[in-house]
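Given next are the chains, with one letter for each unit.
There are 4 protein chains.
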Amino acid sequence: MFFKQFYDNNLSQASYLIGCQRTGEAMIIDPIRDLTKYMEVADEEGFTITQAAETHIHADFASGIRDVAEKLNASIYVSGEGDDDLNYKNMPQQTHFVRHQDTIYVGNIKLEVLHTPGHTPESISFLLTDEGVGSNIPMGLFSGDFIFVGDIGRPDLLEKAVQMKGSTEVGAKQMYQSVNSVKDLPDYIQIWPGHGAGSPCGKALGAVPISTLGYEKINNWAFNVTEEATFIETLTSNQPAPPHHFAQMKQINQFGMNMYQPYNVYPSLNNERIAFDLRSKEAFHGGHAQGTINIPYNHNFINQIGWYLDYNKDIDLIGDKATVEEAVHTLQLIGFENVAGYRLPQTTIMTSSIHSADMTGKETNVLDVRNNEEWNQGHLEQAVNIPHGKLLNESIPFDKNDKIYVHCQSGVRSSIAIGILEYRGFTNIVNVSEGYKDFPLALK
Amino acid sequence: MFFKQFYDNNLSQASYLIGCQRTGEAMIIDPIRDLTKYMEVADEEGFTITQAAETHIHADFASGIRDVAEKLNASIYVSGEGDDDLNYKNMPQQTHFVRHQDTIYVGNIKLEVLHTPGHTPESISFLLTDEGVGSNIPMGLFSGDFIFVGDIGRPDLLEKAVQMKGSTEVGAKQMYQSVNSVKDLPDYIQIWPGHGAGSPCGKALGAVPISTLGYEKINNWAFNVTEEATFIETLTSNQPAPPHHFAQMKQINQFGMNMYQPYNVYPSLNNERIAFDLRSKEAFHGGHAQGTINIPYNHNFINQIGWYLDYNKDIDLIGDKATVEEAVHTLQLIGFENVAGYRLPQTTIMTSSIHSADMTGKETNVLDVRNNEEWNQGHLEQAVNIPHGKLLNESIPFDKNDKIYVHCQSGVRSSIAIGILEYRGFTNIVNVSEGYKDFPLALK
Amino acid sequence: MFFKQFYDNNLSQASYLIGCQRTGEAMIIDPIRDLTKYMEVADEEGFTITQAAETHIHADFASGIRDVAEKLNASIYVSGEGDDDLNYKNMPQQTHFVRHQDTIYVGNIKLEVLHTPGHTPESISFLLTDEGVGSNIPMGLFSGDFIFVGDIGRPDLLEKAVQMKGSTEVGAKQMYQSVNSVKDLPDYIQIWPGHGAGSPCGKALGAVPISTLGYEKINNWAFNVTEEATFIETLTSNQPAPPHHFAQMKQINQFGMNMYQPYNVYPSLNNERIAFDLRSKEAFHGGHAQGTINIPYNHNFINQIGWYLDYNKDIDLIGDKATVEEAVHTLQLIGFENVAGYRLPQTTIMTSSIHSADMTGKETNVLDVRNNEEWNQGHLEQAVNIPHGKLLNESIPFDKNDKIYVHCQSGVRSSIAIGILEYRGFTNIVNVSEGYKDFPLALK
Amino acid sequence: MFFKQFYDNNLSQASYLIGCQRTGEAMIIDPIRDLTKYMEVADEEGFTITQAAETHIHADFASGIRDVAEKLNASIYVSGEGDDDLNYKNMPQQTHFVRHQDTIYVGNIKLEVLHTPGHTPESISFLLTDEGVGSNIPMGLFSGDFIFVGDIGRPDLLEKAVQMKGSTEVGAKQMYQSVNSVKDLPDYIQIWPGHGAGSPCGKALGAVPISTLGYEKINNWAFNVTEEATFIETLTSNQPAPPHHFAQMKQINQFGMNMYQPYNVYPSLNNERIAFDLRSKEAFHGGHAQGTINIPYNHNFINQIGWYLDYNKDIDLIGDKATVEEAVHTLQLIGFENVAGYRLPQTTIMTSSIHSADMTGKETNVLDVRNNEEWNQGHLEQAVNIPHGKLLNESIPFDKNDKIYVHCQSGVRSSIAIGILEYRGFTNIVNVSEGYKDFPLALK
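These protein sequence lines map, in sequence, to chains A, B, C and D.
Going by our numbering, the first sequence opens with residue 259, and the numbers climb by one from there.
Going by our numbering, the second sequence opens with residue 259, and the numbers climb by one from there.
Going by our numbering, the third sequence opens with residue 259, and the numbers climb by one from there.
Going by our numbering, the fourth sequence opens with residue 259, and the numbers climb by one from there.
FYI, nobody ran anything at the bench for these hints, they're computed from the structure.
For chains that are exact copies, the list does not tell them apart, and a pair is met inside one copy or across any two.
Subject to a maximum C-alpha distance of 27 Å in a straight line, what follows is the list of computed DSS-like cross-link-like pairs (lysine-lysine):
{"no.": "1", "residue 1": "K368", "residue 2": "K475"}
{"no.": "2", "residue 1": "K262", "residue 2": "K475"}
{"no.": "3", "residue 1": "K461", "residue 2": "K368"}
{"no.": "4", "residue 1": "K461", "residue 2": "K262"}
{"no.": "5", "residue 1": "K262", "residue 2": "K579"}
{"no.": "6", "residue 1": "K262", "residue 2": "K295"}
{"no.": "7", "residue 1": "K508", "residue 2": "K571"}
{"no.": "8", "residue 1": "K441", "residue 2": "K475"}
{"no.": "9", "residue 1": "K461", "residue 2": "K441"}
{"no.": "10", "residue 1": "K295", "residue 2": "K579"}
Using the sequences provided together with the hints, build the complete structure.
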């Protein structure tokens, strides 16, 4: 058996290619839209991709499962469990809806379906046994967003992202049962999760790509809280608000979108359009065009820009052409294909900055763009709190010419806020550079 | 003034970017469909592409002039000369139709339009004066397919590719006049041609990218044949037959096609489709799939595959994914976007080969796939002549199981012919490897 | 904790980078010579490489452990176990010699040294506990060439590659004990091996990159043969002969070599030098230069060329420049830096081939280049057996003009043999293309 | 004949490959040290590089002529003209010293040597005639640093860079004669110069890569000043000071250095070493490490860093690894191979900046880092002038804690100066961002 994990750093997402050498067949588990890398490995290793399977309707990226069916004419396997209203629609004819304890074969590799709801009602996992080498014991579990390394999937996305009232509580209860349901599987099986560190699909995902059930039973909190109420309380508290694009992802993945194709971007002809500057925050603060918003193109790009994308509106990207092309591709992975143009960086505006250590506490207009949780744990007395993700649309209680001090916890989100405030017409903004963590102790 | 020649080896085609540093404006002359490289240089050098101009309706590649208008919102300049029936249709609103002695400015750079028909009736050239540095003498001539380095454009394409009866003769006469019309321009002006060595738009193009008018006046045959009839005779004789795709090019460039976008290709699901193997002829002969046709992906690719493309039918390409992707892109440059799938090479069939030196003259079934001109200059007595470009469709006077010896002049075209014969069902084919040039002297 | 496996397809070798996010320190386990990829990931993830550790003196590739010490000024950890004569010499001052049950920390990550001899006397493994997240149970074992996925390391390399009489038996006994010594470790720990499928350091390595101890206990033969003699017999039988470069590797890794630096290769000026053609066997057979040897540049390249390299002699490589550069780099990974020049492919000689199915059994001179084991399981009566790895130097019992039929099992090694025979002056060679496996049944 | 210009943007340098298709021989004119691109084109076009020629001992980059001799075993042609003391030493055995009116053949291409001193005493040009196609008139002139597009070579480098007293005057007289000596060559010949726009080997080089003699006769000032004294005055006045590395180049190119090989750079282990930050000035000012110097890696990199390199001292580079690798390679092109390590950017210090328009004229400590010429044309009354190239070593008349306003003409050189002042221990520096050109009119 051949096994390869594909880890997309932009999505903090893991997908997998497994192949049976005897038959030459291969399957993708949880494919992203762009199938290029899977095909390259399959070609290199001599496999034909005949199948794909998906653990659940993803909320954080656009699935490629339909592309596998349409473009590779492969059989695809998705969950037939859960509530029909919330389940897959408009699926291609190659689709198999599978249920708990169903069995799928990829050549001589057996996948047994386990219904493991909680993150979403239809979530399933796949327990793999490599019968091709004569094994009759399972090797590992494709656990999707059920079990992560060091954490489990959050149950509150449907409620927070698509306003399904009460679904958090239901999901948390299901998760409690799902966790219990796998406790009898052998310790030695590998856990092949759907996400890694940095993913907003959980709170505390580890940076080790693979774990084992036995290790998680001992080290993962979810296996060690035996009381249901405590489990639910722990699981549902302090889950950060999901970026705005999550709602769109559910829509796309439930109902489908156009097949993936790359597209070229040309110089922008419209300076009115909202524009995101992909450079580092240092470069942005050293010089940028008035009213453009800095979302550095790094591993946190999707998590940050996700707050500001309107899927019905075009955007511009600012950066050198090569970086813009990468960002355009990355945005396609969350189904956003409305990059209308690119612009080269300008150096017009230098950001006014002060070091956090130089805050006196006497500044009049202080805007704190941290989350509510952070705010609740301590803040400047005179500050106003608007979480950065709401800054584009909410009313801001300052005059356009007020000198506004903007800070967050460590300087990343306030950097973004500078551009948004400029975009909204404020003209006298000061970036408090290192953030609340480096404020003088006397002020905290 | 900034000046850069872009030479596309696959098309043997030259295009140009010129820019005025004072105003930041730049113009493309004779753009291909994929504008990426022009944009990259413009970005790097600090220019905005505000304009594009085209010397004529190209017959050998798909023009990007409409893409420049639509994607970059640039003004475009095309010929308003020549016969209306044959001229540009469906042009975007940014189009300027220019005529003899019209003047175009790119910042401080002046282009004067010269009507120089012959290759086609509407052909124009652009005489450049760099007024930005105070010059009032011309620097060079964008001569399109009028003057090449060492040759001039052929006048017979409309007749041969789109069956315009009598147009060769008309064109040759016009060319005689066009050549005469530029003889009074100064010797020192540079000649910036539209094609280089290998292009089928002329017979004997040189591999030096740029020339001067004075040098051409002395070394180019066309400036040294003063008698009109001899000029016409020389120009029209021995022009090789144009590949089949030329007709399609005229259509595309006169009437337009969709804007350029890249596209991904997936593994082929259909083994019935005609398939072209992109590997070297050595690799093909060492092992290939039955009935597939070898067109090596090298600088001659377009000239060769052009004979066999049907723009209404899908094709497959055979090769590693990276080479296939390059070939797909190259085919887009001639407007062909029907690559439906790719296949990895197989090693099933080894070609039977004999060295040309081992030909005895007693072989019964000999197929000579050279041009008529080559055939006329000498051939094996018992041979049958079908030029390689017609092999796909014409009837072939052998039985499917006959042992057929296939040769050309040097071994390149017979390599292609092997695959076509297999495709058409012949089963016992021998490749005569070095071609007629290495036949035993006694047989010639 | 951060964890990443680096898998080198050319060496079938796995190395690892682990990092402690709290302290920013990272360690490489079993580094190859070129440290580029480790540095890139460390930079990207914000780590400084402060340490490296090695499981044993590798026999199949050139270690980069000394480069880490010298170039990154990092602490390095190597085995202080085993016989002093066979152990590390000339180590840099940053070296720590570690022994059974020693403890190493990378930030808050603990590595416990286990002496696990058998593959070599000094072999150690590292048992990792991620104390940074508060765990006090081990997560996994860097098992080097002790435990692979589905197999264990071979104990016969010292004897076969460097003529240490009797060491195979000693190693096999040690391996028996080493395997027993880890049986009490928990089932859930991950096994992070030093090699994967295709490595000649074992017989039957799996293509799954990571396993668990519990899974191996059940599925790996070595944990299921409890009787010592049977264990030794199974382990030592049918181990294929190691390629010639293995002896050199032991030398390099025990005593050191120059630090890694890339180097450029220029066109060859010497046609007398031995030359290896990197193209596919199809391309080679379709046309090659007389007397050159075909070793296709694919994942098997090192295993094959290793048989023919003389570390005291220069070689030429044949191929396009990009492939040659990759091959030059790959050869540096086994410490070979004597590529003196490159040549472009020629098409002079086409290989004579017949399909295996067309063998009649009446061919007079048949050369079987398979291993002795394969030969012993069946061969043509009149055939002569010289394993391909010995063909360059052993005497060959045919006349230079004899028509020689060369075959192997599947066509790969006979392809190589064609070139070697040409190199040695034979002039009339026929490649039996698919090999013994496709011979007519009547002949077997 | 095949002809290709290679333009190196980092050096603003042009070299050439010409080849004779009939014989397969090719020659490089004025090669840089890294021969990779020449070899790639030669391979692609089917040429063997058999020769190289050089127009003069270059002062601005490290020549590759010896590499061609040693690595490709090609014949090389250098000037045998000029003063023996200043001429080539330690040349390889493949060297031919050529003199005025000597003839060199590359296949059927003839090069006639013209002694054209002025830029340097030994400078020669090569007049090319393509006899292969039967031409007996010249096609073009490889003019080295004699004639550029729109300018001619400066005669003052030996005096300014290597302190040869009086050589400027001598060179200017020679140049006057050299210019006159080519006036009788035909107008139509192409001028193939050794440098383009941005090169400090002249004052006003154009951005058009190729010109013609006739065009230059009319538009180039040097052909239009007929009076010798005026010619000399014009040629020698206002030539900017050459960067420091020019002296080293003369040394390297006259006496030779080691053959080119690439080398890898590792993370720096020494924070005391002088370090150059390769990022944009915006990124540098947005955040950098104290005392590091910003030389953005763009086309001006060599011209700027050349002022600060000490060929006997190691340096560090700051940037992402890919950019550092490019910069290391570029520095090798000027023979500098002492990059000892690289560092990732830090964000510690934000530059204090004010807009030039906000200067009041009342600032006490103003440092003007422009050239003497610029200073002489107008400056702030209270300012002190130290040209940026001398800032690293000259004494600076301010206290370490003084608030110093630093400006140049447009903001580029003051950006560099910020880092140098920090490096030298100044702690309170203000960057006047747009420079003198945007100062309030009242202050000028």
